[in-house]
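**Q** With the hints as constraints, model all of the structure from the sequences given.
Residue-level listing of the chains:
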Amino acid sequence: MSDINAAKVLDLKGLPCPMPVVKMSQEIGSVNVGEVIEVHTTDPGSLSDFPAWAETSGNEVLDTEQGGEFIKIFVKRNN
Amino acid sequence: MSAEPARKLEETAPAPKPAGVVLENKLSMVVFSGDLDKLLAAMIIATGAAAMGMKVVMFFTFWGTAALRDAKKKVGGKDFMSKMFGWMLPKGRNALKLSQMHMGGMGTAMLKSLMKKKNAPTLDQLFDIAAQLGVEIKVCEMSMDLMGFKHEEIIDYPNIDYVGVATFLANSGKSSNQLFI
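As they're listed, the protein sequences go chains A and B.
To get the numbering used here, take the position in the first sequence, counting from 1, and add 56.
To get the numbering used here, take the position in the second sequence, counting from 1, and add 9.
No lab work stands behind these hints: they were computed from the structure.
Treat the hints with care, since some could be wrong.
Simulated crosslink set (DSS-like; lysine-lysine; CA at most 30 Å straight-line) [what the hints assert, rightly or not]:
1. A:Lys-79 with B:Lys-64
2. A:Lys-79 with B:Lys-183
3. B:Lys-106 with A:Lys-79
4. A:Lys-128 with A:Lys-69
5. B:Lys-125 with A:Lys-64
6. B:Lys-64 with A:Lys-132
7. B:Lys-126 with A:Lys-69
8. B:Lys-64 with A:Lys-69
9. B:Lys-125 with A:Lys-79
Covered stretches of chain B, as calculated for chain A (at least 3 residues, CB under 8 Å) [unchecked claim]:
10. 60–73
11. 117–129
Computed beta-carbon distance windows for the label pairs [to be verified]:
12. A:Asn-88 with B:Trp-96: 19 to 29 Å
13. B:Gly-113 with A:Ser-104: 17 to 27 Å
14. B:Ser-185 with A:Cys-73: 53 to 63 Å
15. B:Gly-86 with A:Asn-88: 51 to 61 Å
16. B:Ser-185 with A:Asn-61: 32 to 42 Å
17. B:Glu-33 with A:Cys-73: 20 to 30 Å
18. B:Thr-131 with A:Ser-86: 22 to 32 Å
19. B:Lys-81 with A:Cys-73: 37 to 47 Å
20. B:Met-112 with A:Asn-61: 47 to 57 Å
Glycine included, C-beta positions come from ideal geometry on N, C-alpha and C.
**A** Right, dumping it as structure tokens:
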């Protein structure tokens, strides 16, 4: 279990590529700089895509959790 | 009479870099194909790139222009050849065929039903997202003319205009990423 405190949970379960990063890019502005969004996704490609998205967009993936019914990705808004 | 000695590697000066060109975080894409599968790939890459914060410009040319026709719009006043082309080419993105396994429409229908089952975005949805994310569409004027398409039969899209090759080159020359699909 992650003890990261998320400002918002973004449910992207069931959405395939490219929707997870598209939704992420649309939602990142809904939290303040420094806050974290907890993303729930069922797309295994997101494990690679979210860090790539974060690097390019200047944000940060703090942690990912697998093993449950869905993948959790904790994304911190950095700009 | 000896031949000029072969020049050593270190004597070869590197090609000078063009002065003043600064690459932007930008994707310039040529959409040449009018195949369903290739347009899907192009739209997924375009929307993905826009989501990553890149500027995205898509240049639709040749067969690609047919994908931008609006099936609901009707235009008159075409000559015989333009009418023939208009009749033979797909009327818009929802009339496109797979580049392989079309099988008289069966393969394309199967892919569309699979996409629905897997909740994959349709071309309609991808064009909507592209519009929301500010993806620019530029259409090759020469291809439009060649195929006999008129501006009035092209889809409504917030960021669309009709250009020539120089516009593509000016954009791609400054882009960090370039693709031809």
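**Q** Do the Cβ positions of Gly-86 (chain B) and Asn-88 (chain A) conform to the proposed distance bound of 51 to 61 Å?
**A** 56 Å, holds
**Q** For the stretch 60–73 of chain B, count the residues whose Cβ lies under 8 Å from any Cβ of chain A; is that count three or more?
**A** holds (count 4)
**Q** Would you check the hint for Lys-128 (chain A) and Lys-69 (chain A), treating anything up to 30 Å between C-alpha atoms as holding?
**A** 10 Å, holds
**Q** Count the residues of the stretch 117–129 of chain B with a beta-carbon closer than 8 Å to any beta-carbon of chain A: does the count reach three?
**A** holds (count 3)
**Q** Between Asn-88 (chain A) and Trp-96 (chain B), does the beta-carbon spacing fit 19 to 29 Å?
**A** 56 Å, violated
**Q** Starting from Lys-106 (chain B), check that the Cα of Lys-79 (chain A) is at most 30 Å away, please.
**A** 28 Å, holds
**Q** Would you check the hint for Lys-125 (chain B) and Lys-79 (chain A), treating anything up to 30 Å between C-alpha atoms as holding?
**A** Within the cut-off at roughly 19 Å; holds.
**Q** Tell me if the beta carbons of Ser-185 (chain B) and Asn-61 (chain A) are separated by a distance inside 32 to 42 Å.
**A** About 36 Å separates the Cβ atoms of Ser-185 (chain B) and Asn-61 (chain A), which means 32 to 42 Å holds.
**Q** Mind checking the alpha carbons of Lys-64 (chain B) and Lys-69 (chain A) for me, to see if they're no more than 30 Å apart?
**A** OK: Lys-64 (chain B) and Lys-69 (chain A) at ~27 Å, within 30 Å.
**Q** Given the range 53 to 63 Å, decide if the beta-carbon distance of Ser-185 (chain B) to Cys-73 (chain A) lies inside it.
**A** Roughly 21 Å apart at Cβ, these two residues miss the hinted range, so it is violated.
**Q** Does the Cβ-Cβ separation between Met-112 (chain B) and Asn-61 (chain A) fall within 47 to 57 Å?
**A** 53 Å, holds
**Q** Run the distance test for Lys-126 (chain B) versus Lys-69 (chain A): straight-line Cα separation, threshold 30 Å.
**A** 14 Å, holds
Hint compliance for this structure: hints 12, 13, 14, 19 are not met, and every other hint is.
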